[in-house]
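K.L.:
Those protein sequence lines, which keep their order, are chains A and B.
Mapping of the first sequence onto this note's numbering: position 151 corresponds to residue 151, and the numbering continues sequentially without gaps.
Mapping of the second sequence onto this note's numbering: position 265 corresponds to residue 532, and the numbering continues sequentially without gaps.
No lab work stands behind these hints: they were computed from the structure.
Heads up, a few of these hints could be off.
As the list claims (entries may be wrong) - Each computed DSBU-like pair below joins lysine-lysine, with the alpha-carbon atoms no more than 35 angstroms apart: (1) B:563 - B:400; (2) B:442 - B:391; (3) B:372 - A:129; (4) A:129 - B:563; (5) A:233 - B:595; (6) B:354 - B:275; (7) A:233 - B:372; (8) B:423 - B:324; (9) A:233 - B:551; (10) B:391 - A:129; (11) B:322 - B:372; (12) B:420 - A:233; (13) B:438 - B:595.
As the list claims (entries may be wrong) - Over the 10 angstroms line for every Cβ pair with chain A, so calculated as not near, a few chain B residues: (14) 308; (15) 427; (16) 484; (17) 513.
Stated by the list, open to error - Stretch-level coverage of chain B by chain A, calculated; a stretch enters the list once three of its residues show a Cβ under 8 angstroms from a Cβ in chain A: (18) 311-324; (19) 340-346; (20) 566-575.
Built from N, CA and C at the ideal position, the CB exists for glycine as well.
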Amino acid sequence: MSVVSLKESRQGELWRQLERVNDPELDEPVTEMGFIERAEIGAAGHVEVDFRLPTYWCSPNFAFLMLEDIRKALEALSWRPRFRITLHDHMFADEVNAGIAAGSSFADIFDALSDTCDLEAIRETFRVKAFKRRQEAVILDLKQLGIADGEIVRMSLAAFDTLVGGSDAARRNRARYREALMQRWPGLGPLDAVIVMEDGRRIDVDALGARLADLRSVRINMEFNGALCRGLKDTRYKELSVVDGEPTLVDFIAGRVPPRPEHSPRS
Amino acid sequence: MYITPEGKEIFVIDGHTHFWDGSPENQRNIHGKQFVECFYAYHTNLSPKDQLWEKSKFEKYSADDLYHDLFIDGPDDVAIIQSTYLKDFYRNGFNTIERNAEVAKRYPERFIVNGSFDPRDGEKALEYIHFMKETYDIKGVKMYTAEWNGASKGWKLNDPQAYKCFELCEKLGIKNIHVHKGPTIIPLSKDSFDVHDVDYAATDFQNLNWIIEHCGLPRLDDFCWIAVQETNVYGGLAVALPFIHSRPRYFAEVIAELLFWCGPDKILFGSDYAIWTPRWLVEKFWAFELPEDIKKERGVDLTPDIKEKILGLNAARLYDIDIAAKKKALAGSPFGIAAE
């Protein structure tokens with residue numbers, strides 16, 4: 001492999017790894033949210049990732065969760081590079097970046113900043129929310145396909161896997177729900193039901209309406225965050241080099257600032 | 268006054284407005300800069316393009332801008348002007364009661380000035396509540412549970428110190444407690460905008476009205492659950508309402524949830540001025556209709572009568588505003604002429 005193609009393939013691998021990191025609160029990839037400002041591979045193979053959230057105030061616990069996942073993603077790279085992750089323009093950026101540089105775990109940094117913290121409990125809360133949001137999308141798609149409620153609550157994994165039809169979005173919804181299902185119950189078998197409560201209990205056909213109302217409220221909250229985060233990210237200044245006295249948000253809204261260079265290639 | 272396309276007069280009480288100074292001269296530190304920038308990002312993100320302000324105006328606007336945008340160009344009849352101190356971020360505070368009272372004095376019929384206090388100040392907070400009642404005769408306060416105070420990065424409505432303050436509010440007849448429970452900012456592991464403390468406080472202080480600004484979004488489900496059980500809990504529409512422009516279907520889902528759980532008597536209009544101006548919000552709200560499928564799903568509707576309640580009648584009840592008398596007073600005030 002030539003030097004150029006090696007670099008390209010590594011960049012592809014780096015981006016694919018980062019695409020697997022989700023914002024826990026939104027259940028959307030950080031790459032799609034535009035939180036990865038820069039992900040570059042240096043000449044010696046080392047990796048630098050610049051990370052920025054929509055606001056200075058974004059909850060540090062969510063920031064930590066994402067940074068921890070980014071670290072895991074980078075540790076999984078095939079060429080085992082040295083790497084540096086930098087959080088920019090966040091109220092706790094200094095603490096977090098110093099913690100990373102010192103090699104402390106995110107949990108260590110988190111504990112130092114807060115007296116009560118259970119990172120794993122936060123993770124589980126958001127896993128459940130993501131599971132529910134993905135489930136609502138799938139149930140609504142199944143209803144759209146004309147599948148009866150009784151059939152939906154009884155649907156087995158085997159039947160789910162052989163479903164055809166629906167839009168591209170519906171297929172993507174099914175794939176994402178399946179991923180969440182298997183993450184929750186890795187041993188799920190072909191005959192097991194797929195539309196179940198987050199604790200694995202079956203849903204009674206008469207309770208499907210109430211279940212959907214519950215799922216809707218979860219989505220409404222997550223969508224609120226998602227819409228705000230996207231919008232705020234879009235209106236927040238984009239260039240790392242921007243300092244006081246440089247272009248303001250108005251300049252970006254008015255399109256007076258040239259677009260930033262493309263990210264490293266997505267493959 | 269909002270005149271509907273059918274010619275009906277709708278009395279508008281804007282439950283959530285500000286007169287702030289977020290200018291660089293007033294910023295104490297980077298947090299002050301970032302705070303008003305975050306507000307500005309909300310403004311630019313959710314406003315129609317023709318409603319965007321320059322950042323310098325947004326950071327610090329004049330009393331004339333305020334009056335014009337709310338009452339001359341805008342449809343507000345009365346505006347509740349909230350106080351938010353943020354003295355750790357701003358040298359003279361962000362919008363203190365002094366600043367608000369000053370502007371209210373110029374237009375006496377128009378403004379209801381609400382105070383604010385920080386229970387973590389202990390005895391001083393109690394003294395300050397007395398001071399605000401005696402000096403400004405306040406009927407309400409705005410609570411900001413995520414506000415920093417020295418090493419503390421937030422507090423809860425059911426903290427013992429807070430309860431002492433609410434006991435005093437009750438005694439002095441300061442009965443409307445507006446609480447900012449909105450988009451997550453600042454909190455560490457504990458979410459200072461979590462809404463569960465409302466449940467305790469509303470149960471323990473039945474004679475106070477708890478107006479939850481931003482309806483606890485993004486914890487709307489928790490908020491609705493509490494509001495349905497507590498008769499003295501209300502939802503303020505600030506921040507939820509602007510979605511009517513950028514994501515109308517999403518707004519429909521939110522308002523349908525609120526109508527279903529809280530009911531039409533417990534939702535209050537608020538522009539959150541100067542993040543948004545009331546004119547376009549009220550116009551769009553009046554023209555808005557729930558999509559049929561959402562109406563059917565939730566069994567609720569947003570009728571003109573319900574809109575009228577949300578835009579003013581509900582707040583009038585909380586603040587003992589006699590609408591007929593108020594209309595007469597506004598018509599007789601010299602500023603009524605300026606508003607024509």
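K.L.:
Please work out if residue 442 of chain B and residue 391 of chain B have their alpha carbons no farther apart than 35 angstroms.
P.N.:
Holds, at roughly 20 angstroms.
K.L.:
Are the Cα positions of residue 563 of chain B and residue 400 of chain B separated by 35 angstroms at most?
P.N.:
violated, 47 angstroms
K.L.:
Does residue 308 of chain B really sit off the interface, with its C-beta more than 10 angstroms from all C-beta atoms of chain A?
P.N.:
violated, 5 angstroms
K.L.:
Are there three or more residues in the stretch 566-575 of chain B whose C-beta lies within less than 8 angstroms of some C-beta in chain A?
P.N.:
violated (count 0)
K.L.:
Is the straight-line distance between the alpha-carbon of residue 372 of chain B and that of residue 129 of chain A 35 angstroms or less?
P.N.:
Not OK: residue 372 of chain B and residue 129 of chain A at ~49 angstroms, beyond 35 angstroms, violated.
K.L.:
Examine each Cβ of chain A, and state whether all of them lie more than 10 angstroms from the Cβ of residue 484 of chain B.
P.N.:
Its Cβ does come within 10 angstroms of chain A, the nearest being 5 angstroms, so this is violated.
K.L.:
Check the hint pairing residue 233 of chain A with residue 595 of chain B against an upper bound of 35 angstroms on the C-alpha distance.
P.N.:
At roughly 47 angstroms apart (the allowed maximum being 35 angstroms), residue 595 of chain B and residue 233 of chain A break the hint.
K.L.:
How about the stretch 340-346 of chain B: do at least three of its residues have a C-beta closer than 8 angstroms to a C-beta of chain A?
P.N.:
violated (count 0)
K.L.:
Given the hinted pair residue 233 of chain A and residue 372 of chain B, is their Cα-Cα distance within 35 angstroms?
P.N.:
Not OK: residue 233 of chain A and residue 372 of chain B at ~39 angstroms, beyond 35 angstroms, violated.
K.L.:
Sort out whether residue 595 of chain B lies within 35 angstroms of residue 438 of chain B, counting only the CA atoms.
P.N.:
holds, 31 angstroms
K.L.:
Under the criterion that the straight-line Cα-Cα distance not exceed 35 angstroms, is the pair residue 233 of chain A, residue 551 of chain B satisfied?
P.N.:
holds, 26 angstroms
K.L.:
Checking the smallest CB distance to chain A, is residue 427 of chain B really beyond 10 angstroms?
P.N.:
Nearest chain A Cβ is 18 angstroms from residue 427 of chain B, so the label holds.
Consistency with the previously given hints fails for numbers 1, 3, 5, 6, 7, 10, 14, 16, 17, 19 and 20, ordered from lowest to highest.
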